[in-house]
Amino acid sequence: MKKNLSWNEYLITGLIIVSGYSAILFVGLILFFLLREGLPSFREVPLPVIFSKRWYPIEDYFGILPLLGGSLIVTLGATMIAVPVGLSTAIFISEIAPRWAREILKPLIELLAGLPSVVLGFLGVLVFTSLLRRALDLPTGLTAFTGSFLLGGIAIPTIVSVAEDALDAVPRSYRDGALALGATKWQTIWRVTLPAARSGVVTAIMLGIGRAIGETMAVMMVTGNAPVLPVRLSMLFSPVRTMTATIAAEMGEVASGSVHFHVLFLIGIILFSISLIVNVIASAVVFRQRKRSERILS
Amino acid sequence: MKRLQSSHFRQITQQAGFTFLTAIALLTAITILMVVIYIAIKGAPAISWEFLTGLPSNGMRSGGIFPAIVGTLYLTIGTAIFSVPLGIGAAIYLSEYASDNRWSRMIRIAIINLAGIPSVVYGLFGLGLFVLFLNFGTSILAGSLTLAIMTLPVIISTAEEALRSVPQSFRVVSISIGGTQWQTIRRIVLPQALPGILTGVILGLERAAGETAPILFTVAAFFLPRLPNSPFDATMALPYHLFVISTQVPGMPVQIQYGTALVLIIFVLGMNLLATVIRSRARARRQW
Amino acid sequence: MIKIHIENFFLFYSDGTESLKNINLDIPVNAITVLFGPAGGGKSTLLRVINRLNDLADVKQFSGKVLIDGQNILDPDLDVIALRRRIGIVFARPVVLPFSIRKNLTYGLELAGIRQKQQLEEAVERSLQQAALWEEVKDRLDDPAVALSGGQQQRLCLARSLVLEPEIILLDEPTSGLDPISTGKVEASLHELKKQYTIVLVPHSIQQAARTADHAAFFLQGELIEFSLGKIIFTNPLDKRTEDYVEGRFG
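Protein chains in written order, with the numbering used here: chain S, 1 to 298; chain V, 1 to 288; chain E, 1 to 251.
Wrong hints could be hidden among the right ones.
To be verified - Reference excerpt, derived from the structure (chain S facing chain V, CB under 8 Å, subset only):
| id | residue |
| --- | --- |
| 1 | Gly14 |
| 2 | Ile91 |
| 3 | Phe92 |
| 4 | Thr140 |
| 5 | Ala178 |
| 6 | Leu179 |
| 7 | Leu181 |
| 8 | Phe265 |
| 9 | Phe272 |
| 10 | Ser273 |
The hints are simulated quantities; they were obtained by calculation from the structure and are not laboratory data. Ideal placement from N, C-alpha and C gives every residue a C-beta, glycine not left out.
The task is simple: from the sequences and hints, build the whole structure.
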């Protein structure tokens, strides 16, 4: 008797397999096109210029350091806001909140996650900038801090959901064991539950940072777009420019194929690489944790 | 005496800690609510039939936002057309066909990467490939394709989870009665996973509808007061329109800005609500 | 007459462990053959080889012959789909598909391309009668199958295995979760069914084995120790190990 696989099934199975591998294809395509348009900038712009401190494309100053610095300081600020708030909220939801509070809080966090970043940027521009300007008596409300604040808000849902999942996954027996030994609930959280969920929490933070680095619209609208390398802490309250905002703001006015064009793609390559590193590390952490728990639980 | 004191101290620490965490969570919740309510209050006066169905006029300072709404609708549909079959297909592959080897792990890493790429980099990619190389120009087609690839990871991961949640015993029964793998998937696994898949699709499309950066250089038109005629046309879109009227147009009436923001929020959150409703209804009617 | 002829059959799992060693067994037609023994003996594995369900598991390799009506079913070119339609299987836990009672039964027919309403209805009634479930569900065939009790679900699974009119029925501890009344109904059905079908049963207790077996094979750690008539093996086993197990000295 021969194998009876109809042509129909054969075709569909083939399509499914192709779909499966398409993700690899797309990552490759993205990398390819980024490199295609970005690498020429190394030929066109001498390396020391690229790593200089002046970004002024009109006069051929393509120093990306201020942009890197801008992204760095805004992301740092965002992390300092998002991590404490996000973790606290996650711990609250997972360990302390009564059932009804959880049912309200979780959808609210999802609501925040669903809000388009341009809406938050919009609110930032209209409301927050003037608030900040008046409160701290600044020349303008378009500062790195404004960006950090919004970015923090955008990163919070990511941190909360991943961290909450991680805390939830800690077996009940851990908590019960600690409580049975006489620990208070608070001590249990800090000495047992949180350490047990450590890798998930770290993943949450990393994914949150990744989200912050990659955000474009909100930062573009509120950070003032002045490509100045922030070297002092006080510059948190002056305008900066992030890498993402640079691409978004300038690509529209750039002639395709020009040096400026290529350098913007180069910035894209840098962003792609950063997110690659962050995400691969984050998933490696999760993967290792899963393997460890499989070994323990089997 | 000492033991009692330390227990008292521990109680105080716990109370303080709990209060602190509760306060933060509460503050976060209130802030989120206030954001939405504030926009709703300031934007509601602008919402009218003319606003929703009219064309912008006077340099967009008055009139309606119909082209932007339609543009976002078209982009969402276009994204769905490309990302849904591909995403579900990939999810079926990962859940039903792939074994745990180097290749399947590579696929998963690729998906994780796609998920993490900044949206503006997708915009660059879309510009490089679809707008320039394939010469689609600034078009709905280019924008939809770009958004589709961006949405793929969300659809694949939620769809795969939905497929995996279907009990393995169903598959075994189907095979033992003489079903082929595809028959089993088509008749049992896929239908049972459909609500979960649908939820994931809607959430993915909701994200695509709200994104600005990927459409900046691939489809978005600054001011195009007419509806697009073909997939090769550029179009206005709600997120981009909001960006433009809040930062690029001087003298823009505040009410229109809030109105546009409100419409965008309603569009996006409406999809969220739809997904939630589907998810809970499916859970109630599940036969396993 | 011999329905299933198993010759020098070995089976290894992918981690190298031997699951079945040198099985030589002839399963006669129109009778209940019971495979019994302590856990880990390979009985369920052997059962699944008969309808090639082991293809789904982590099997590294096997050797030997398994002939059904003279045809080697281990042949890689075999039409496995057609084979599985000739063999029905009932598992230890009742697994009803998430459909109505009727759809649970017509599912197998639809897979085989049978769509004629008349044919489907006849098959539904016939198989439910054979599983002694018809009277209980004939008025609610469109109700979801999950609404049935455990015993009813398992009899539904039995009916489902009969719907394509197979030649062989395999049962892997079919009554392990059931109450004695349901168990009795299932065993009574099997006594009727053996007149038409070849039945291979892995019982969940030795008492069940003794009640139902026309022929019985004792498996211990992957080896076939003894095979003879049911009447003989439970009262007068030849091998000491069989005797120890039957007497309850280990298990």
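### Query
Which earlier hints turn out false for this structure, listed by number in ascending order?
Of the numbered hints, 1, 4, 5, 6, 7 and 10 do not hold.
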